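Chain G is already provided as a structure; the job is to place chain L on it using the hints.
So the protein sequences, as listed, match chains G and L. Per the UniProt record's numbering, the very first residue in the first sequence carries number 1; after that it's consecutive. Per the UniProt record's numbering, the very first residue in the second sequence carries number 1; after that it's consecutive.
Note that these hints are calculated values from the structure, not bench results. Hints may contain errors.
Stated by the list, open to error - With a Cα cut of at most 30 angstroms, we get these calculated DSS-like pairs of lysine-lysine: (1) K133(L) with K83(L); (2) K153(G) with K150(L); (3) K83(L) with K176(G); (4) K163(G) with K125(L); (5) K256(G) with K153(G); (6) K201(L) with K163(G); (7) K248(L) with K106(L); (8) K93(L) with K125(L); (9) K196(L) with K133(L); (10) K133(L) with K93(L); (11) K8(L) with K163(G); (12) K176(G) with K150(L); (13) K276(L) with K248(L); (14) K93(L) with K75(L); (15) K153(G) with K152(L); (16) K106(L) with K142(L); (17) K40(G) with K219(G); (18) K163(G) with K83(L); (19) K153(G) with K106(L); (20) K134(L) with K176(G); (21) K152(L) with K149(G); (22) K42(L) with K142(L); (23) K24(L) with K42(L); (24) K152(L) with K201(L); (25) K176(G) with K142(L); (26) K163(G) with K133(L); (27) K127(L) with K163(G); (28) K106(L) with K201(L); (29) K176(G) with K275(L); (30) K8(L) with K153(G); (31) K152(L) with K134(L); (32) K150(L) with K201(L); (33) K153(G) with K196(L); (34) K58(G) with K219(G); (35) K256(G) with K150(L); (36) K248(L) with K234(L); (37) K149(G) with K70(L).
Stated by the list, open to error - Facing chain G, from chain L, some residues (calculated, C-beta under 10 angstroms): (38) E15; (39) T66; (40) D104.
As the structure is a prediction and not an experimental result, all values here were calculated from the model. For glycine and all other residues, C-beta sits at the position ideal for the given N, C-alpha and C.
Read off the chains here:
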Amino acid sequence: MLKNWFKPFETVSKNQQLAISAIWIVLVAAYWIISSSGTKHLFPTPGQVAEGFSSLYKEGLVVHIGSSLALCAQATLLAVIISLVVVYLSPLPAISPIAHIMSRLRYLPLTGITFYLAIIVNDARTMQISVLFIFMSLYFVTTLLAMLKDIPKEEIDHARSLKCTRWEVLWEVVIKGRLDYVIDALRQNLAIVWMMLVTVESILVAAGGLGVLIKNSDKFMNHGRIVALQIVILLVGLLLDWVLNVSRKTIFTYSKF
Amino acid sequence: MATAYSEKDTIIHVENLSIVYGDKTIIKDINFTELNVTRPDKTVGQTIAFVGRSGRGKSTLFRALTGLEKPTTGKVLIPDFNKDIADNLQPAKLVCEGDVGFVDQKYTLFRHKTVYQSLFYALRKNKSSDEEKKSKIMDYLKDWGLEHHKDKYPNELSGGQRQRTAILEQLLSSGYYMVLDEPFSGLDVGNIENVKESFRKINESHDLNTIVFSTHDIELAVELADSIYIIGYKEPDNPSQHYGTIVKHFDLKDMGLAWHSEFSPSHHDCVVDIKKHMLKS
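Isolated chain G, as found in the complex (with noise of 0.2 angstroms):
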């Protein structure tokens, strides 16, 4: 059994892969407890990051949780909107261009674009839905313009040989018949702005959000409270992502991807 856990390409059951994954948990916590014991330590031990997550449920994590998801609603629907516009038009040789600039622009750094916003926009919290929108339109634009490129032709031709009207092509198959990709776009684009959420509410200080208790966490060098912190971003990161992936099954029973 052993030997074919490192055959490459080897399948195996459910119950080996529960163990290989069981393993996993046990050498990664124990390796965590071996690592945070002594008077020296790079992480905290188990304790102090309960600790942490006690703190952090004092000062008001759920409200805090709750404003960077309102945060991150915001910039998204902004972006989803402008994004779907601009792609679902592209087809036209005259919104064309302007599809694939965005795209390209997703290259600019994030400190130019701040900086350029900054003289614009006075609201710290508008400032931070300008930057996330911003960043998560280039990508999102460029993730639907892959799936734009990567619709059949023969899916085009039969729309076609069907007597639609170009317009009606750009309806059936690429807004109604391709939906479901779009909602798995916005799954994988929505992790990178949940990543870059933090950072902006630690950068940009406005009404909270996790990414203010990390800098205050980081202020005070509170380890605990910092992977504590860690861990609640990666499981509210996980739980839209599952929201948005069961969404897409149960609203499109023909997705099967």
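Relative to the frame of chain G, chain L by itself:
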């Protein structure tokens, strides 16, 4: 023994058709005319096969026949049944997107529509009421063995069910014409029988129904078609002349080989002859 038949009006007329991409000529000088064939006491449509070696432009020709590809030169004409007959002739029109049904090798369907929704969509330009459309669709579904699969999405259908749905969809949308690009490619023996049965149903349901298909299976082409065209290179040894064109036409009606249930030695001789011409082109 030859089967009695007569030929009426032109059903499809292709004249000097060529398609060029950049400096590459794909097909050139394609000319053919097919007439509406009638048989006494039997409804029979037209079944036209195109055979030829790979890369000779069959798929490009089919895209032009269906109006999906604009010809570089020449034209494809079909009767305009929306106009009244003048001087004993049905007026003709240039083929446009949607006039001729097109079923590709993959039997592409809308991935977000069920079988019923797809067929209803195919009828969206039909002026009959929703109830009439529903009744028509249900009749077809029953007749084509898809009644129990009407609420399934394409990825829940078997290969055979997808084929039948794709053919039905085009039949409901386009009317009399249907072009199928290699409908037998990659099919098992059961599904080949299903497609043959679909051909028979289409063929026997209206005199004007016209199926145009391509295949690499010459036996099947001879068995099903009443007219076979070979697409190939006229001068295979001259690279400057490497474009697809019609190198030979076999009128199986005239040869007494069309509409036979048995595959006779004469059919076999025809297969040998077709293969010989294909290898030379």
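Taking the hints in turn, this is what the structure says about them:
For a cut-off of 30 angstroms, the pair hint linking K133(L) to K83(L) stands: about 24 angstroms separates their Cα positions. Taking the CA atoms of K153(G) and K150(L), the gap is near 26 angstroms; set against the 30 angstroms cutoff, the hint holds. Between K83(L) and K176(G) the CA atoms are separated by roughly 36 angstroms; this puts the pair beyond 30 angstroms, and the hint is violated. With a CA separation close to 9 angstroms, the supplied pair K163(G) and K125(L) stays within the 30 angstroms bound.
About 21 angstroms separates the Cα atoms of K256(G) and K153(G), which keeps this hinted pair within 30 angstroms; it holds. With a C-alpha separation of about 23 angstroms, the suggested pair K201(L) and K163(G) falls inside the 30 angstroms cut-off, and the hint holds. Note on K248(L) and K106(L): the hinted pairing holds, with a Cα-Cα distance of about 28 angstroms set against a maximum of 30 angstroms. For the suggested pair K93(L) and K125(L), the alpha carbons sit about 19 angstroms apart, so the restraint of at most 30 angstroms is met.
Taken as a hint, the K196(L) and K133(L) pair is honoured in the structure, with Cα atoms around 26 angstroms apart against an allowance of 30 angstroms. Between K133(L) and K93(L) the CA atoms are separated by roughly 27 angstroms; this keeps the pair inside 30 angstroms, and the hint holds. Note on K8(L) and K163(G): the hinted pairing holds, with a Cα-Cα distance of about 28 angstroms set against a maximum of 30 angstroms. The hinted pair formed by K176(G) and K150(L) meets the criterion: a straight-line CA distance of about 20 angstroms does not exceed 30 angstroms.
Distance hint between K276(L) and K248(L) is fulfilled; the C-alpha atoms sit about 11 angstroms from each other, no more than 30 angstroms. Among the hinted pairs, K93(L) with K75(L) is consistent with the structure: their alpha-carbon atoms are about 10 angstroms apart, no more than 30 angstroms. Distance hint between K153(G) and K152(L) is fulfilled; the C-alpha atoms sit about 23 angstroms from each other, no more than 30 angstroms. Note on K106(L) and K142(L): the hinted pairing holds, with a Cα-Cα distance of about 23 angstroms set against a maximum of 30 angstroms.
Under the criterion of a C-alpha separation no larger than 30 angstroms, the hint pairing K40(G) with K219(G) is consistent with the structure, at around 19 angstroms. Proximity of K163(G) to K83(L) is assessed by CA-CA distance (about 19 angstroms); at most 30 angstroms being required, the pair is judged to hold. Pair hint K153(G) plus K106(L) holds up; C-alpha atoms about 12 angstroms apart against a cutoff of 30 angstroms. Distance restraint check for K134(L) and K176(G): the Cα-Cα separation of roughly 23 angstroms lies within the 30 angstroms cut-off, and the hinted pair is therefore satisfied.
A distance of roughly 27 angstroms separates the Cα atoms of K152(L) and K149(G); the hinted pair therefore holds under the 30 angstroms criterion. With a C-alpha separation of about 24 angstroms, the suggested pairing of K42(L) with K142(L) holds against the 30 angstroms cut-off. Distance hint between K24(L) and K42(L) is unfulfilled; the C-alpha atoms sit about 45 angstroms from each other, more than 30 angstroms. Taking the CA atoms of K152(L) and K201(L), the gap is near 23 angstroms; set against the 30 angstroms cutoff, the hint holds.
Our distance criterion of 30 angstroms between C-alpha atoms is met by K176(G) and K142(L), whose separation comes to about 28 angstroms. Of the supplied pair hints, the one linking K163(G) and K133(L) holds, its CA atoms being roughly 17 angstroms apart against a limit of 30 angstroms. The straight-line distance between the Cα atoms of K127(L) and K163(G) is roughly 15 angstroms, inside the 30 angstroms bound, and the hint therefore holds. Restraint check: the Cα-Cα separation between K106(L) and K201(L) comes to about 21 angstroms, which is no more than 30 angstroms; the hinted pair holds.
Restraint check: the Cα-Cα separation between K176(G) and K275(L) comes to about 46 angstroms, which exceeds 30 angstroms; the hinted pair is violated. In summary, the hint linking K8(L) to K153(G) is not supported, as the alpha carbons are separated by about 37 angstroms, beyond the 30 angstroms threshold. Taken as a hint, the K152(L) and K134(L) pair is honoured in the structure, with Cα atoms around 16 angstroms apart against an allowance of 30 angstroms. Simply put, K150(L) and K201(L) have alpha-carbon atoms about 20 angstroms apart, close enough for the 30 angstroms limit, and the pair holds.
Taken as a hint, the K153(G) and K196(L) pair is honoured in the structure, with Cα atoms around 27 angstroms apart against an allowance of 30 angstroms. Under the criterion of a C-alpha separation no larger than 30 angstroms, the hint pairing K58(G) with K219(G) is consistent with the structure, at around 18 angstroms. For the hint linking K256(G) to K150(L), the alpha-carbon distance of about 19 angstroms falls within 30 angstroms, and the restraint holds. Straight-line distance between C-alpha atoms of K248(L) and K234(L) comes to about 10 angstroms, which keeps the hinted pair within the 30 angstroms bound.
For the given pair, K149(G) sits about 22 angstroms from K70(L) by alpha-carbon distance, which is consistent with the 30 angstroms threshold. Violation of the interface hint for E15(L) is found here, the shortest Cβ-Cβ separation to chain G being roughly 22 angstroms, above the 10 angstroms cut-off. Because the closest C-beta pair between T66(L) and chain G is about 6 angstroms apart, less than 10 angstroms, the hint holds. At about 5 angstroms, the closest approach between the beta carbon of D104(L) and any beta carbon in chain G falls short of 10 angstroms, and the interface hint on this residue holds.
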